[in-house]
Amino acid sequence: MARKSMIQAINDALHIMMTEDESVLVLGQDVGEDGGVFRATVDLIEKYGPERVVDMPLAESLIVGSAIGMAMNGLKPVAEIQFMGFIYQGFDQTLCHAARYRHRSRGRFGLPMVVRAPYGAGVRALEHHSESTEVHFASVPGLKVVIPSTAYDAKGLLISAIEDPDPVMFFEPKRLYRLKKEEVPSEKYTITIGKAHIAREGADITIIAWGGMMPIALAAAEHVADEGVEAEVIDLRTIQPFDVETITASVAKTGRLVIVHEAPRLFGPGAEIATQVYERNLLHLLAPIARVTGYDIVPPMARAEDFNYPNREKIVKAIYKTMEF
Amino acid sequence: MARKSMIQAINDALHIMMTEDESVLVLGQDVGEDGGVFRATVDLIEKYGPERVVDMPLAESLIVGSAIGMAMNGLKPVAEIQFMGFIYQGFDQTLCHAARYRHRSRGRFGLPMVVRAPYGAGVRALEHHSESTEVHFASVPGLKVVIPSTAYDAKGLLISAIEDPDPVMFFEPKRLYRLKKEEVPSEKYTITIGKAHIAREGADITIIAWGGMMPIALAAAEHVADEGVEAEVIDLRTIQPFDVETITASVAKTGRLVIVHEAPRLFGPGAEIATQVYERNLLHLLAPIARVTGYDIVPPMARAEDFNYPNREKIVKAIYKTMEF
Amino acid sequence: MKPKLIQILNEYGHANILQIEGISDELMLKMYRMMVLTRIWNGKALSLQRQGRMGTITSVHGQEAANIGMALPLEQTDWFLPSFRDQGVLFTLGVSLKDQLLFWGGYEQGMYIPEHLNIAPSCITVGSHLCHAAGVAYAAKLRKEKTVVLTNSGDGSTSEGDFHESLNMASLFQLPVVFVVQNNHWAISMPFERQSATETISEKAAAYNMESARVDGNDVFAVYKTVKKYVELAREKSQPALIELVTYRIGDHTTADDATRYRTKEVIDEWIKKDPIDRMKKFLVETHRWDEQQDKSLIDECMKQVEQAVKDYEAVGVIEPAEMFKYMYHEMPWHLKEEIDEVKALYKGEDA
Amino acid sequence: MKPKLIQILNEYGHANILQIEGISDELMLKMYRMMVLTRIWNGKALSLQRQGRMGTITSVHGQEAANIGMALPLEQTDWFLPSFRDQGVLFTLGVSLKDQLLFWGGYEQGMYIPEHLNIAPSCITVGSHLCHAAGVAYAAKLRKEKTVVLTNSGDGSTSEGDFHESLNMASLFQLPVVFVVQNNHWAISMPFERQSATETISEKAAAYNMESARVDGNDVFAVYKTVKKYVELAREKSQPALIELVTYRIGDHTTADDATRYRTKEVIDEWIKKDPIDRMKKFLVETHRWDEQQDKSLIDECMKQVEQAVKDYEAVGVIEPAEMFKYMYHEMPWHLKEEIDEVKALYKGEDA
Ligand SMILES: Cc1ncc(C[n+]2csc(CCOP(=O)(O)OP(=O)(O)O)c2C)c(N)n1
Ligand SMILES: Cc1ncc(C[n+]2csc(CCOP(=O)(O)OP(=O)(O)O)c2C)c(N)n1
Ligand SMILES: [Mg+2]
Ligand SMILES: [Mg+2]
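Protein chains in written order, with our numbering: chain A, 1 to 325; chain B, 326 to 650; chain C, 651 to 1002; chain D, 1003 to 1354.
Everything labelled a hint here was simulated from the structure, so no lab data went into it.
Don't take every hint at face value.
As the list claims (entries may be wrong) - Each computed EDC-like pair below joins lysine to aspartate or glutamate, with the alpha-carbon atoms no more than 16 angstroms apart:
no.: 1; chain 1: B; residue 1: Lys-642; chain 2: C; residue 2: Glu-992
no.: 2; chain 1: A; residue 1: Lys-317; chain 2: D; residue 2: Glu-1344
no.: 3; chain 1: B; residue 1: Lys-520; chain 2: D; residue 2: Glu-1333
no.: 4; chain 1: C; residue 1: Lys-976; chain 2: C; residue 2: Asp-991
Unchecked claim - Looking from chain B toward chain C, a few residues come up when the C-beta cut is under 7 angstroms (computed):
no.: 5; residue: Asp-380
no.: 6; residue: Leu-383
no.: 7; residue: Ala-627
Ideal Cβ positions, reconstructed from N, Cα and C, are used throughout, including at glycine.
Can you make the complete structure from the sequences, with help from the hints?
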């Protein structure tokens, strides 16, 4: 056990998997000597050499596309896209190829590959550095989408993603990369993809969140607890395929639901979760499901960033509105 | 007035706009002498010359990207992507640039551009020729998404799209291109983007559909009418921004809703529509909203295509299930 | 600088004798047989399509030498990543006539490639598979295998960004991949000179500091020998190459296309004179390796093979709806299970 | 074939006299002044960043000659499509010091370019804007304007598919666009020789049958004259070009980067000897066009200008939340109106 930040836990997972399995390799922009712009891949090149820690040319379609070829031919590539905002140039490769090779080859070429990318606001950098567009991947049949919210989860989920026989989009909340350190076991462990985690139990209302929204969702839950409202907070962890069972069980108990995500609202990830809950729990619901989300705009640059993103106050407001319906 | 197929109506709209406005130009693969693989652009090159009817190299990112530049510099480009399945290579240009230029330039460079693409099943061709992924565009702030379902609408909506000061994704249901001819006025007319059309009135249940799903939605409505169920059928026409008013008014009246789309279900366009209705009409709803959609799979090739797509029977079944809830 | 066109067997059936040394008679006859078989299969498939017994299909007519010539240098452990006008390559490498009928006939199962063949499923999005090829080659090189990766794409693919990104990577990492581009002069209605700012494809290799060659793609000897040379360089020195095969699309782009809209019959006639099969037959007959009698039997035999494949194809029948869901993931997630149940409930009454 | 490097003013401040004929003293001093101003602004912005008064920012230190030299040949009606290391180009073309502080300081309003300047907002996604440039040039050519389009991108952009697609289009349609690439040797931590399979960028023009040149990018005369030559060719003959400016990124990639992780101080020192401003000053002083006294006043004057800009920037204050929604569409759709109401209700108590 040691105290690790999320970025260290991610680095830890990569070290473990590269040691354990010769077929695991890392590729992306600046992943070698530089160790990645967020330092997710530090010290890998020293240990595993430049052939397994591959500094790629500045070409996202190629990064995803060549990872596909590697996965077809016996490797388990972990591709890093520097920011989610640059992933779209690899969208054709992801949607038309990564997601479909198993199907297209009638099961012969499953692709055990991971595409990692930091997502969401938090570094106050230029345009394209604060995207939260996981829904573009969640809506692609054949992909899995995983988003951790703690250092512990990041390590376990990333190891699971690398071992997964299907392509996994692994989005990392950059605002949490170094926010705090927590105990992370030094050995290998996995966390099941497709299972949500109940981060806080409660009987009055359910909150679903993931990634960068988890700390504020929990803070909101603590806040309303002072006023006697016990919120159950579900960390979704996997966006696709998401854990509909845990969600519906919780809502069956609480009758109320707030969904929190950074992504824009319209046609965002919350819509599907809400719809599934309505389809399954309509008669249990005591109020309309509330969504607390980023707005339907271009993610603002540094100065307006805070206005756009969900925060504790917005969630608390939604909780009360839902409670009082 | 003359009887025209949808593809002829689209061609008609292009002729009218190119005659009326010198800044309108058409670009894409095989749009010139060949007139486009579906013949949407026939006879344009003869009338307007190769400089305004531009056969582009085989490069989708460039087709969208150069259209952006044209729109910045005073033109109104209408770009054709040969099939929706090949649009993803232009996704970065669409999401990061077409959708954002107005915002990024603080209003200076609005982009009056249209990207047309045939979508959906119906030609029984190879993989990538039957996609219905309008949700990838509907979820992008800054874009509009329009899908016509009749020859009349195709003409009026395309003219509106070309005149629109913002980028419009215009998806054409290829299965309806030549299905039948109908009366289409030969003069110029527009249809408001953002307004749905009530294609059939009814008081018992609302059906929302668009594009290639409209004929079967109407057929389903006629079918249940024989059993005394009067369905109101809304042709959404614009997916983003969709006409929430018409929808909620109808559901307030009927209390029941079936949403029909070809696109895969999970995180599909129906989820947002359903969620908005639940948010606004929860107390009017007499049953959960039903979704009749394509499945969450790779669109099948010819032999299995019919199994995947919504048809009259599937809709009728959903109507009865909703009525009997 | 337009590179020289490599030719061994000219359109009159005359071959440069020195250049064909080392090509055994057996191999020559195999080349010829595979070209004939491919053409007969192609003709049959097109006619099935006209009768509504086949889906939309690309015609490989005229490109048989390019197809067969590029396939023969490969070894069993090598890889091939096809696009969509390489039926002849696939047949030569061991894909069955029937599976290709299934594929073009709209059956997903036609996309299955038997485990013993290192062949990717056909890539329909132009150029995307070149990135995959670079990755496959990277994996082979990492493991220090002596494996070569071959890709096929069309002249149109050279305009796509993926072409550029893949060639740059292959050269940077010196990957054992041979990029073959069949320049059949057309990308649907676009002639190559309107597709590309360069006169040839092979000269584009300069941007990647890569070896390249420009070959008469209707000359099976030249195609074979050039591809073989670069396949061996890739194998021995892990060195990539770009090979342009200059050929011609005799047919429409696909059965959905009508090429009379954008090109004249005269040009096609010019190219029919350069037919790869005709010239090979002339050569074989004139050098007494072949005669009309043998030719007739070969054609008969190929027709029989094709007829049998058609029979087998048409015997396959309908697809189970549940098949659609089978290969989306290694393990089926809940929502697909629910959807299968939905489908089963819907179609339970019917044959399907 | 590695093309020859064009140089007029060497690192010792000696210029080829024949080559600078036609560059007036006034223009020389303008070049110098803009380079100095850009460096001072850059240093100030970096120091504001260290103090937490500025966002993440790219440093243009060392690339001033490339920046200013490419800007000066443009006419008022020409277009410029920037990427993100061309502050000097923007200043030279008329963008204010303050607006660039706002932009890097995290204010969207810093992205606004006044109507009289044909400048696109900065493109952060590497290479995408090259496609836009082709489109802008297409529109100009269609209208038969004598307008030239200039783009700037970095060596890293040459790996992207958009680079390839754009240059192919520009050459195919013979568009009046000049693609300038600042080869500053690095794309974050990747040296150019690991980015690209060719030794130079200019030789890539062969794949597009396009004119190209390779220029000492720290030599403002060579940059200016070469860009001017191709801008004029573009204007007169509607002919595209690719120009590689060989320079060096003296600073970290951005203020978020730590270049000591991947490169040594020694290399930087080598390049500091080739500094574009030092050599220009030497030249100006040695040829009696300038003296230390004037230099001191210039620096003072630039510092004052920059200080004023900083004051103006810091006076701007907070953004209204409703600003976020303003330019998403020409007309605001219902859902944005609802969201604005939400935001207004949330923040109504506060200053914002
Ligand atoms: C990315 C992409 N865009 C468009 C298409 C539609 N399309 C199919 S084949 C083709 C032309 C291909 O030309 P070429 O590469 O020369 O191959 P050929 O058909 O001549 O064999 C086009 C545009 C496609 N399949 N993929
Ligand atoms: C498409 C895309 N991928 C990745 C990035 C992240 N990124 C920002 S700058 C940069 C390196 C750019 O290098 P170069 O083009 O040489 O320009 P320079 O920074 O040297 O001016 C990278 C990888 C990006 N902005 N866009
Ligand atoms: Mg071709
Ligand atoms: Mg650089």
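Quick rundown of the hints versus the structure:
Using a Cα cut-off of 16 angstroms, the hinted pair Lys-642 of chain B and Glu-992 of chain C holds, with the two alpha carbons roughly 11 angstroms apart. For the suggested pair Lys-317 of chain A and Glu-1344 of chain D, the alpha carbons sit about 11 angstroms apart, so the restraint of at most 16 angstroms is met. For the hint linking Lys-520 of chain B to Glu-1333 of chain D, the alpha-carbon distance of about 14 angstroms falls within 16 angstroms, and the restraint holds. Taken as a hint, the Lys-976 of chain C and Asp-991 of chain C pair is honoured in the structure, with Cα atoms around 13 angstroms apart against an allowance of 16 angstroms.
Against a cut-off of 7 angstroms between C-beta atoms, the interface hint on Asp-380 of chain B holds, since the closest Cβ of chain C lies about 6 angstroms away. Against a cut-off of 7 angstroms between C-beta atoms, the interface hint on Leu-383 of chain B holds, since the closest Cβ of chain C lies about 4 angstroms away. Evaluation of the Ala-627 of chain B hint against chain C yields a held restraint, the C-beta minimum of about 3 angstroms falling below 7 angstroms.
In this structure, none of the earlier numbered hints is contradicted; all agree with it.
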